[in-house]
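**Student:** Below are the chains, spelled out letter by letter.
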Amino acid sequence: MAPEPYQKIYLYKRIVQAKLFIDRHYAEKIDLHNIADEANFSRFHFIRLFKTIYGKTPHHYLTQVRIDNAKRLLAAGSGTADVCFQVGFESVTSFAALFKKLVGTTPSAFQHGQAERKKAVAASPLQFIPNCFAETQGWTKNSNFGEAAF
Amino acid sequence: MITKITHTCVYVLNQDSAYDFYVNKLGFTVHTDAPMGPGARWLTVCPPEQPELEITLFLVAEGGMFPKETVQAMTDLIRKGTFGAAVFTCTDLMATYEELTRKGVVFKKPPTKEFYGFEALFVDDSGNWFSLTQTAAE
Numbered sequence: 005m006a007p008e009p010y011q012k013i014y015l016y017k018r019i020v021q022a023k024l025f026i027d028r029h030y031a032e033k034i035d036l037h038n039i040a041d042e043a044n045f046s047r048f049h050f051i052r053l054f055k056t057i058y059g060k061t062p063h064h065y066l067t068q069v070r071i072d073n074a075k076r077l078l079a080a081g082s083g084t085a086d087v088c089f090q091v092g093f094e095s096v097t098s099f100a101a102l103f104k105k106l107v108g109t110t111p112s113a114f115q116h117g118q119a120e121r122k123k124a125v126a127a128s129p130l131q132f133i134p135n136c137f138a139e140t141q142g143w144t145k146n147s148n149f150g151e152a153a154f
Numbered sequence: 003m004i005t006k007i008t009h010t011c012v013y014v015l016n017q018d019s020a021y022d023f024y025v026n027k028l029g030f031t032v033h034t035d036a037p038m039g040p041g042a043r044w045l046t047v048c049p050p051e052q053p054e055l056e057i058t059l060f061l062v063a064e065g066g067m068f069p070k071e072t073v074q075a076m077t078d079l080i081r082k083g084t085f086g087a088a089v090f091t092c093t094d095l096m097a098t099y100e101e102l103t104r105k106g107v108v109f110k111k112p113p114t115k116e117f118y119g120f121e122a123l124f125v126d127d128s129g130n131w132f133s134l135t136q137t138a139a140e
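Chains A and B supply the protein sequences, listed in that same order.
For the first sequence, the working numbering assigns the number 5 to the initial residue and increments by one for each residue that follows.
For the second sequence, the working numbering assigns the number 3 to the initial residue and increments by one for each residue that follows.
Next comes chain A alone, as it looks inside the complex (with noise of 0.2 Å):
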C-alpha cells in the first residue's frame, strides 16, 4: 500500500468488488474479461492492480479459490465428480490433474486423508487438544471420549 494508490481509494473499491465478485460467482462461468469492463478498467490495467493488491492474477485467484472450496467440499464427502462441476471446473481430468498440481495430492487421498482425521478427532478429540487446556476444562476426566492409550 505506497502512498499513491493509497490516495486512489475508488481504485481499492472496484479491485475489491471485482475480488468479492470471484467469491461470490466461482462456481459459475466467470469471464475475467467482463469483470474488468463492468469495472471500468482495461483489461492490462485491471489484472496489473489484482496483481499488485493480492499477489496474484484474478485468473490465478479465481483458480485459488474453487480449489479451496473444492478441499472443503471433499472434506465434507462429496464425491470428485460433483466437486469438480459444483466449483466451476468442466474438466474432471483437468480439475483432478489441477488439484495435485496445487495441493499435493489427488482429490480422493486429500478426502481419504480428512475422514481418517474427522474419524480420529471423533475417536479421540484429546490427542488434538493440548493438555492444559483439556485438563483445565476438566475434559480429561470425561472417559466418554474414548482417548487413545499413550
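Hints are computed from structural coordinates only; laboratory data are not their basis.
Treat the numbers as computed from the prediction; the structure is a model and nothing was measured.
A couple of the hints might just be wrong.
[Said to hold, decoys possible] Selected chain A positions facing chain B (in silico; Cβ < 8 Å):
(1) 17
(2) 19
(3) 93
(4) 129
No residue lacks a Cβ here, since even glycine has one placed at the ideal position from N, Cα and C.
Take the given structure of chain A and dock chain B to it, following the hints.
**Tutor:** Relative to chain A, chain B alone:
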C-alpha cells in the same frame, strides 16, 4: 530451545458467532472443531497462510477454568474492549480494510500511517480488538 508458537487463545463469548466471524468474515480456516460434551467445544482456526498456528476460540463459560465470578468479570472486560488479542498482517491493508468493512467487520481505527507502518484496528464479535498491519517494507 523453544522453536515456535503452535496455539494461542482468544477468549470469546459465543463460539457459533465466533466461528462465523473468524471463518466467514476474516476468511480463516477451521483446524479442529470437536464437541467435548454438553455445551463444550474445542474450536481452533488458522490464518489462511499460517496453517500451523491454531487460534483457539475459547468460550468464556462457567465450569472448568472459569468460576461464575470470573465469567462475569471476563465477559465485562471483553465486551468493553479491554483485550488486544493479536497483530495480523496482510498483503494490502487498504484492500483488506475495504473488504472486511463490506463484510460488516467493525474497525476502531481505519488504515493509518504509523511509525511501524500502516495499521488499522478491528474488533471481533465478542469485543476483542486486533491490529491489522502492512509494514512499511511491504
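**Student:** When the nearest CB of chain B is found for residue 19 of chain A, is that gap smaller than 8 Å?
**Tutor:** Because about 7 Å separates residue 19 of chain A from the closest Cβ in chain B, which is inside the 8 Å limit, the hint holds.
**Student:** Per the CB criterion, is residue 17 of chain A less than 8 Å away from chain B?
**Tutor:** holds (6 Å)
**Student:** Are residue 93 of chain A and chain B close enough, Cβ to Cβ, to be under 8 Å, as the hint says?
**Tutor:** At 21 Å from the nearest chain B Cβ, residue 93 of chain A fails the 8 Å test, so the hint is violated.
**Student:** Given residue 129 of chain A as an interface hint, is its Cβ closer than 8 Å to any Cβ of chain B?
**Tutor:** holds (4 Å)
Consistency with the previously given hints fails for number 3 only.
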